[in-house]
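Peer 1: Heads up: the sequence lines are chains A and B, in that order.
Taking our numbering, I'd label the letters of the first sequence as residues 1273 to 1606.
Taking our numbering, I'd label the letters of the second sequence as residues 280 to 647.
Since the hints were derived computationally from the structure, they do not count as laboratory data.
Here are the computed lysine-lysine pairs in the DSS-like style, where the Cα-Cα straight-line distance is at most 27 Å:
1. A:1579 / B:330
2. A:1579 / B:326
3. B:550 / B:478
4. B:415 / A:1419
5. A:1564 / B:326
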Amino acid sequence: MERRRFIKTSATLGSALVLGLEASSFKPAMARSPVQANDDAKSRVVIAHGSDLNKTDHSLSQPHLARLLDATIEAFFQRPAPAAWRSLFSPHDVVGLKVNCLAGVNLSTHPEIVSEIIDRLLLAGVRRQNIIIFDRRNRDLIGAGFKISQERGQVQCVGNDQSGFTEQLFEHGAVASQICRILTQRCTAVINLPILKDHGIVGLSCALKNFFGVINNPNKYHMNVGDPFVADVNMLPPIRDKVRLTICDALTAQYEGGPPFMREWSWPMDSLMCATDMVAMDRIAWDIIEQKRAENGIESLEKAGRKPVYIARAADVEHRLGTDDPARIQVVRV
Amino acid sequence: MNRREFLAAAALGCSIAGSPVRLIAQGTSGKADLVEARYYEKLANRKIQCKLCPRECVIDDLERGYCGVRENIGGTYYTLVYGKPCTAHIDPIEKKPLFHFLPGTSAFSLATVGCNVMCKFCQNWEISQSTPDQVKSFDLPPYDVAHVAKNRACASIAYTYSEPVIFTEYMHDSAVQGNEVGVRSVMITNGYINPQPMKDLCSVLSGVKIDLKAFTERFYRELVAGELKPVLDTLVLLRKQKMWTEIVYLVIPGQNDDRKELEAMCAWIYKELGPDTPLHFSRFHPQYRLKNLPSTPVKTLTMARQIGLDSGLHFVYTGNVPGDPGENTYCPACGEIVIQRVGFAVVSMSLHNGTCDKCGAAIAGIWS
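Generate the whole structure from the sequences, applying the supplied hints.
Peer 2: Take a look at the structure:
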């Protein structure tokens, strides 16, 4: 509770009431509800900045990382972290951790963060064997520092290329895809663990785009700067119904040259971002990327021809996946 | 048959003459299995631009093209499916359908996963719309393709089922190997390919079947995720290259069966490709993302065939209607049946050395 004193919020009058409503309205195993156009509640996005995260050998300091994660969760849920985790997950849940490992060890979800999240899930009562780390391919997971494991009684870690996809076709709008079996057949809940980076086609890769990694055919949906495809993918029921939380690993972020890691355009943001509204998170993430591009004399994503219009699409009346209106987003900096 | 050929043939044993084999992949290929793609340009920052099909995808490092089977790894573009078909069968050549190409012979038919369009009515979507990570493939390099085909007494190798444009390197090299042992190659394609790779293929292929999916850009945009014009350009190119070409037009109720559209298409074929270009009007059955539509009424196919004949085309067929008179080849000079078919089977032929037995008129095609 001490940490609350350090929370700096951009909210103005009435924020306490808004915060209370949002935190108390969250129930375990609750499907993510579309944001209603007339809903007065703001979507909260926490950006928690850490210090002393890197040790002299460039590895991450696990205690500092643990404190950063707890601060992030407490700022978002306005309650002690253990209680927040318990409110999110029950001992009966099978929790998928959707990481983003395409770009290798320098620009992927850190195994150290995943490890801290796993510790908190265990404390919340989730069984070890019911925690599954997954991404598109085993080789991507290995490249980011994860160890493939399907050992009984242990945390599972496996790529979709090994565990396979549904026979069933899931469709929404322009999208028709098969979805990985981990998500459809095993998980009851998902924590979305994206990274924050520029993307050479769709402009931004953060919360919504991370779910291209659960479908069999993301190659079909990179046209037209990902619009409406990114939004449509996130409308598929297994994704819509199971994602309960997004924690963006922004320890390292990249404002140009993505999706691969490009050292010259990355920077140590040393932050975690947290939201339940993925659209709101992406809207704020976009601002961060644009600000960094401007600081470094690089043209805006719009001028570069890859404005991430899929964010607005995800917020429109057809999708209602969240809000992209900055006036309706409460950014909490920790 | 040497040991290598025997092993290749044995590996295929379970899939030939059966249904397509599809299994969940146990893993993905390592880089050692990869072959550098042809037809691409390197761009700044490890990006590349594919030049294989009109889509011309610009692809970042670590990403794949629209087809899903060509990947940029560190600024070099690789095909992930070279020598890795996911299915292979021995089919009658009439199944392709190619009605004027060595009738009554068998075609060793193979496909890899992947496609450069996304037809909502695709009948093979489980392989065409998949990626190599999803579908089990087996090793069958070009040399083995040719020798399996030869040893199985196939007159041709058919690159088919999915979309051979996207495995053009494998197709090209297999065709070269096939030609060396006297087995010809035919490409069963959507025709959505850039001119240069098509020209290069023409030097090794003996026949092409083009799926002309409609005659409007709207249809291509909404139901194919492609474009009509490049396909028409390919047809004209094939004509200029003197490549034996047949056209299939899948008639989908309410989508591409408008009389005026069919008349315009047939007039275009007559003018640009000539009256001897075979045209097959095939019957649609509900598939993939168009399960809400009915099968094509036979009378619609009959109407379409009549439009083709009225346009002056000599060889217009109905497809997927076994026993229909529109399956037969009629001599354009005397009207006699020169090839009688039921389904994919040739029942009788009154054709020798490419001429009608009755009147001696030449029938366009590749007959020997």
